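Chains E and Z supply the protein sequences, listed in that same order. According to this note's numbering, the first sequence holds residues 1 to 400 in order. According to this note's numbering, the second sequence holds residues 1001 to 1517 in order.
Warning: the hint list may mix true and false statements.
Below, a list of computed lysine-lysine pairs in the DSSO-like style, where the Cα atoms sit at most 27 Å apart [said to hold, decoys possible]:
#1 K1313(Z) to K268(E)
#2 K270(E) to K1378(Z)
#3 K1318(Z) to K270(E)
#4 K1271(Z) to K268(E)
#5 K1370(Z) to K268(E)
#6 K268(E) to K1324(Z)
#7 K268(E) to K1118(Z)
#8 K268(E) to K1032(Z)
#9 K1188(Z) to K1032(Z)
#10 K1118(Z) to K1093(Z)
Computed Cβ-Cβ distance ranges for the label pairs, DEER-style [to be verified]:
#11 D1394(Z) to I163(E): 43 to 49 Å
#12 K1141(Z) to I163(E): 30 to 36 Å
#13 V1071(Z) to V166(E): 55 to 61 Å
#14 K1274(Z) to W174(E): 47 to 53 Å
#15 M55(E) to D1345(Z): 54 to 60 Å
#16 V129(E) to R1383(Z): 54 to 60 Å
#17 F369(E) to K1274(Z): 45 to 51 Å
#18 L141(E) to G1457(Z): 40 to 46 Å
#19 I163(E) to A1381(Z): 37 to 43 Å
Keep in mind the hints are simulated off the structure, nothing from the lab. It should be emphasised that the depicted structure is a prediction, and the values quoted were computed from it without experimental measurement. The C-beta atom is built at its ideal place from N, Cα and C for all residues, glycine as well.
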Amino acid sequence: MKDLLKKEGTTSVLATLISIIIGLLAGSILILIVGVTDKTIGINGAWDAIRLVLMGLFNTGRTATGALAFGFNPANFGNMLFRAIPLILTGLSVALAYKTGLFNIGAAGQYLAGTWATLFVALSIPTSVVPAWIVWLLAFLAGILAGALWGAIPGLLKATLNINEVLACIMTNWIAANLVTWAFDLSKLKNVTEGTKTAYIYKTSFNNVQTAKVGLDKIFSGSQVNGGILIAIMIAVLVYIVMTRTTFGYELKACGSNRHAARYAGIKDKRSIVLSMALAGALSGAAASLYYLSGNPEFFWSTYQSLPAAGFNGIAVALLGACNPIAVIFTGMFMSMLEVIGSQITFLTKYNEFITDVIIAVIVYLSAFSLVIKMWISGRGKKKKTPKAQKSDEKKGVHA
Amino acid sequence: MEQAPEYVIEMLHITKEFPGIKANDDITLQLKKGEIHALLGENGAGKSTLMSVLFGLYQPEEGVIKKDGKVVQINNPNDATALHIGMVHQHFKLIDVFTVLDNIILGAEETKLGFLQKKSARKKVEELSKKYGLAVDLDAKIEDITVGQQQRVEILKMLYRDNEILIFDEPTAVLTPQEIEELMQIMKGLVKEGKSILFISHKLNEIMEVSDRVTVLRKGKYIGTVNTSETTKEELSRMMVGRPVQLVVEKAPAQPKEPVLEIEHMTVPSKVHKNNAVKDVSLTVRAGEIVCIAGIDGNGQTEFVYGLSGLEKVSEGKIILCGKDITHASIRERSLDGMSHIPEDRHKHGLVLDYTLEQNLVLQRYYEPKFQNHGFIKFGAVREYAEYLIEKFDVRSGQGPITIARSMSGGNQQKAIVAREIDRDLPLIIAVQPTRGLDVGAIEYIHSQLVAQRDAGKAVLLVSLELEEVMSLSDRILVMYEGEIVGELDPKTTTVEELGLYMAGAKRNTKKEEGAK
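For reference, chain Z alone in the conformation it holds in the complex (with noise of 0.2 Å):
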């Protein structure tokens, strides 16, 4: 291992600190010519501070970082552009009314006499869109173009200018499945061709697909580097929690009673365009299962979540709630009969980010006569509830009851919705991307809760975009496409890559037809 041409970067001991905390303790981070080498750990596990010293942002107290063995000091981004070290962020640094050739070749254009070479730089794209599969059309504006597409014009910024080392922040969170497929096959391409990739993530089985060897961080320690082939998704995890993970959410089968939420033909109009944003939606759920609704982004899921908890209105149709017409109820009419909803964005909806982490907890039970009296707020009763939900459901924060709730951690601010909602004990769950943006530790958590919850007997409605969450975690899959559900799918029996296909809207449910007919 001695050998230093072996390695393209190395980042040898490398330690960060910041005032109070200790971002890298001792990591070494060895990349070789021509493999991916996934970095993984959880959220403020040092990844992106390690990054950002390889890219010169931060100069780090300890250690050093070689390029193909020689020691190289790299003070700012331009010298790891120097050094051909190159980075697709996780948000994309485009200009949407830009071409993409334009965005290319913007901070290194060819120019001669103060006029630009478009023509030049215009072959050197195409040849390299050809020669690594990376289709896209160079006239477009970013603004016209998917997310996917706006990726991969990222990727030929940095071949553009020749990088050799190429690192991909979180590439995969904004990807449907079949775009993360195609990236996966772009990356093993670019590798092919000599490049070198680090690939930043904390999805598991991308990193299985895709990676050549893992190290993992945990809390700015160096956890261990190992092969990809050698290991397993439940060592990984382990290293990267500390514990081990349950992966796959462990349940009994589901043994549904009652209907508990019935929707018949609901219609919401959309605030965007003239079109109904969800058509016509008809579904039960029980009392004793997880019913989850699947699709890709923006197919009328917000807005049917909207209609049902009353944020919208609803022009069409009819909602039924515990037997209970709740069609054209208030929002707090709902939520006296019986609705619990951990909304899709917590920022938005789900906390007053200024009210402390007590206010939030009762934000639903408030005027309840348990918490006030005449109007006056008995501070003793919150403050123990408060501390009551933070013991049970382990949300950590800085002050405790008393923590402002905008300074705290998104999994936990997660964990407190999470807390206020299930400890309402209301028979219909409302769930709406739950683990958006957690790591697994906090996933394993919520899902356990919400598991917990079907087996108490609330009926679970699931809304979600993640499709390992979909698979593992509900009993009935309904797909969501264009403001439909397209089809009806048991977890236990369908495939993921069929579940893509519908959700894509390239299937519908044969059976669903009919019965329209």
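So that you can see chain E by itself, here it is in the shape it has in the complex (with noise of 0.2 Å):
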């Protein structure tokens, strides 16, 4: 651990650190902007925004005489550790593919399928029948298997047909979201009961399946938190212990890193790359049994024209992470902060949510940069016009 620190993770930080403090910054100025352009905001109305960019998580709401109030607000910190489950667990995922070579852009596919599995079992097991946590964990399993199903398709076409996982990935994200609305489109779960709403699924708190709160909503009251969270932690704890620790975590590096050499070694270089994908593809389904199992969140059937956005924002959790699985547990919570200072500023301001949109585009955008810088930090950048890789090049000719 010590030695990881040492080598990349102090640059890692720093890279991702930088990058946030950017992008906040940028965030802020571009609340300026509007805020000095537009008279009905003015310059009060923007400081009072970047003030809860800065800090919303701390906001308790506008005191009497109107001016905004700071202090620790439980129902924030709830909510951000909510909206954490599903981005952790898909940043997990892409992280884990990017570590054995694979770029998993799939993840939304992958969430698709695990929330129709967990909706269908969570939904369809009457609960006077079977205790209720035993209907809980068969949804959460069986949305982790849907997940991995949906993520071995590309990563058999990878290993088979030498198919690009990409190119299968998109293709399978879109077979997912049309597949999922036709098979809740023939299904008896759409919210009937509920007359306001339509082409909603009936939470599974209908059929009182909910993920238990273990008295964290007595710590962060007011929020949506639940055991869930402290399940997604673990499980990065679990991916980075196999991923470093063992054997099996060996096997798929070296088969992501030259897949020649793993198969020279004798390692099955067709099953590992199989297994990523899908062990990529349980993890976007656990986020979305985990998100779906808390009890309170809808589920909006029609998905065939979009796809969920937790999927593509788990790139940018990975990204943000260096795709280290312990490091995604925070970047996870990260951006599931902007989140809640988005709903905070909508709420609060004249501006919206999407204010914080654009912090975490200019984030994810140095994030990636990021891994540049890092790459030329331990050399290994390859000779570009900078003055730097110039000189490690006149070094190799010296060895030459």
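Taking the hints as your guide, dock the two standalone chains into a single complex.
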């Protein structure tokens, strides 16, 4: 662990922090420009929004005089943890694939597959017959399994026919979107009891299936938080251990880094690729499971025209965390904090939550850059026109 | 020696520093008119840097360059060209889809009103080609001609530009023995016509054969200049490495025992064409002998090893290892049954370059109980084993076991692979070009290791393109030509010339043909 920090960790953390700071600054500047040019907002309105961007988690609403009040806000914290659940897991999904040499852009499709299986199991088995906790467990496992199967498809295509997993993932994403729409279309799970809503599936709480709160709701009162966050963190630690401590992780990473060498060493390369993608899919499936099993979220079943954002935000979470499973816990929470802040800004100022999307975009953009910067630092950057790279070139010339 | 006009090029007391390293430290090189002057040194000795200084790619911190006794300033390659200095690079700088003639005139085209004057250029090239015996079809495309012919095109390019000083950077690395012989003749012809040649190499045989004088560099320092006629290979290698080097592998006669590997009628289909890459190959390797498969690159050796090691499927035949049929066994099974494999391509197969040295050193053994417990890697045991191998096989790297393999030098990467494979202590060692691209010191070491393994009763199957290696290391030679074994030779009684004829397909072992009938 210490070696890790010394070698890569420090630069990774620094790079991530720098991208975050620049992202927040860029967002603030944007807020300022909008505020100054719009008379209805003005400099004071902009200042409020900037303070929310920087410290929104600690905002407790407005005081009687209309000024922003700050302090510990348990609801904000709890919601941050709750929203972090799917982000951490899809982030892990992308990170695991990345560590094994694959780019899992199919997290969205795997998430949908997990959503379908989880909702189907959680709502189809009556809790009057089977105990609710067993139904919960079955639904969770079904989500994981469905995600794994959906992830294994691009893996199989890659392993046997050498089809690029990015292409296969994009296709399976849309296939999932349409299949899921179709499957729910035919099902009896559409919410008809609440007349105000159309095209939504029942919440799992309708069948009394929901994740235990394990006391978290008391600490973070007024929020949606539940035990799912603990499960997500445990899974992240598990992924970290598997990837760094076990021969299984050694094989997967060897195969991802150099498939030929892995094969030469007797590692079954095709099996490794399929397994990597299946595991990545399982994590995305788990993301959907834990999100919907919390009982409150409602699933808009007619998804054939759009893919769930959780899948793509996973890429951002993983990139920002340099694909380290432990770091992904924190970057996942950071992203969900921005989501919470976004709703606060909408609620308390004339700005809306899209301002946080801008911040996320800038951060992701920079975090992708930070990978490049880190590659330069570790001397692996290939010869381009920067003076640094040229010097290393000259050195190579000496040894040639 | 003070007469200025005696030398066409003088590089006097050249010092070139890079951050942290003196690549050239007070080096003097004097090239006489009409001589072949060899520049000898190990990898990293500073040969390339010195030539880059002469070519204007680097500016030296100290020292001067003189041309015909006059001090000149070479700031860039154009200056070098203006001084009639030309270079044949190790990797040719030719355009594959252009014709030979177009490649030769490229960059020095004669034009009239913007139109190419190819006729006069063709005449000039034809004259040059006749004068120096550089036969090549001017209208053929580069991609259609052999590597040896491509090299002639490079030489013609230099001559077309009226270069007087010709630099050859490791020109023989890519050639077959016959082509090397021809190149030597061409070089001799060039100096006869008054050209002067700088010949960079670390192959002692060629230097001894063709050069007039030799300048030796070691670790950036000037060691000395000697007349070739007054020196020996042993002395040159001692100057180059800094200690006496065993050039000829010393080994006792082989004492072959029971067969370890038996291959019967093995056929491997090709990935590039419809024919089989390996055709009906049968051979036996016994414990305690080194059997070498010789041949020119691309005659099925790679596919043969792939078939043998399980990387490719065998379409026909039988492979028996230690009495067990492994024809259809997986790679891991073969490995467990006693096959270790030093692969041809160390970057493709030999190493996971992004892994650390210690991770690479257990690449073939990580699953053994010694290194894992219920699937959890025993990091302590891995580190200990890596340190043991690094020590025993003298693998040098920046940070020891935790060095990323990618950052290591080629020689040490190869040593790491050899260490890993030999230390597994398995009955069969397949070594494919184990010394490719290495310098004399490392070659000596790897050769001595392979002989030691043989003497310890291992069966060694060596696949090599280097004639010297084949002749000095093997106990039996099998020549592979177009996927077939065309002859079995005894290195004690055969000659390099005879071997060359077999490799070129000009000769076949009559015994085998009779046997086949």
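Quiz item: Per the hint of 54 to 60 Å, is the separation of the Cβ atoms of M55(E) and D1345(Z) within bounds?
Solution: holds, 56 Å
Quiz prompt | 27 Å limit on alpha-carbon distance, applied to hinted pair K1118(Z) and K1093(Z) | solution = holds, 21 Å
Quiz item: Is the gap between the beta carbons of K1274(Z) and W174(E) within 47 to 53 Å?
Solution: About 39 Å separates the Cβ atoms of K1274(Z) and W174(E), which means 47 to 53 Å is violated.
Quiz item: Quick one, are K270(E) and K1378(Z) close enough, alpha carbons at most 27 Å?
Solution: With Cα atoms ~26 Å apart, K270(E) and K1378(Z) stay inside 27 Å; holds.
Quiz item: Between L141(E) and G1457(Z), is the Cβ distance one that fits in 40 to 46 Å?
Solution: The hinted range 40 to 46 Å is violated for L141(E) and G1457(Z), with Cβ atoms some 55 Å apart.
Quiz item: When you take the CB atoms of V1071(Z) and V166(E), is the distance between them in 55 to 61 Å?
Solution: Distance hint for V1071(Z), V166(E) holds at roughly 59 Å.
Exercise. Can you let me know if the beta-carbon spacing of K1141(Z) and I163(E) is within 30 to 36 Å?
Key: Distance hint for K1141(Z), I163(E) holds at roughly 34 Å.
Practice problem: Could you check the hint for me, namely that V129(E) and R1383(Z) are 54 to 60 Å apart, CB to CB? | Solution: Given about 56 Å between the Cβ atoms, the range holds.
Quiz item: Going straight from one Cα to the other, do K1313(Z) and K268(E) come out at no more than 27 Å?
Solution: Given pair K1313(Z), K268(E) holds - Cα atoms ~15 Å apart, limit 27 Å.
Quiz item: Quick one, are K268(E) and K1118(Z) close enough, alpha carbons at most 27 Å?
Solution: violated, 57 Å
Quiz item: Given a hinted range of 45 to 51 Å, is it respected by the beta-carbon distance of F369(E) and K1274(Z)?
Solution: holds, 48 Å
Quiz item: Does K1271(Z) pair with K268(E) here, judged by a C-alpha cut-off of 27 Å?
Solution: Answer holds: K1271(Z) to K268(E) is near 21 Å, not above 27 Å.
Comparing the model with each earlier hint shows violations of hints 7, 8, 14 and 18; every other hint is respected.
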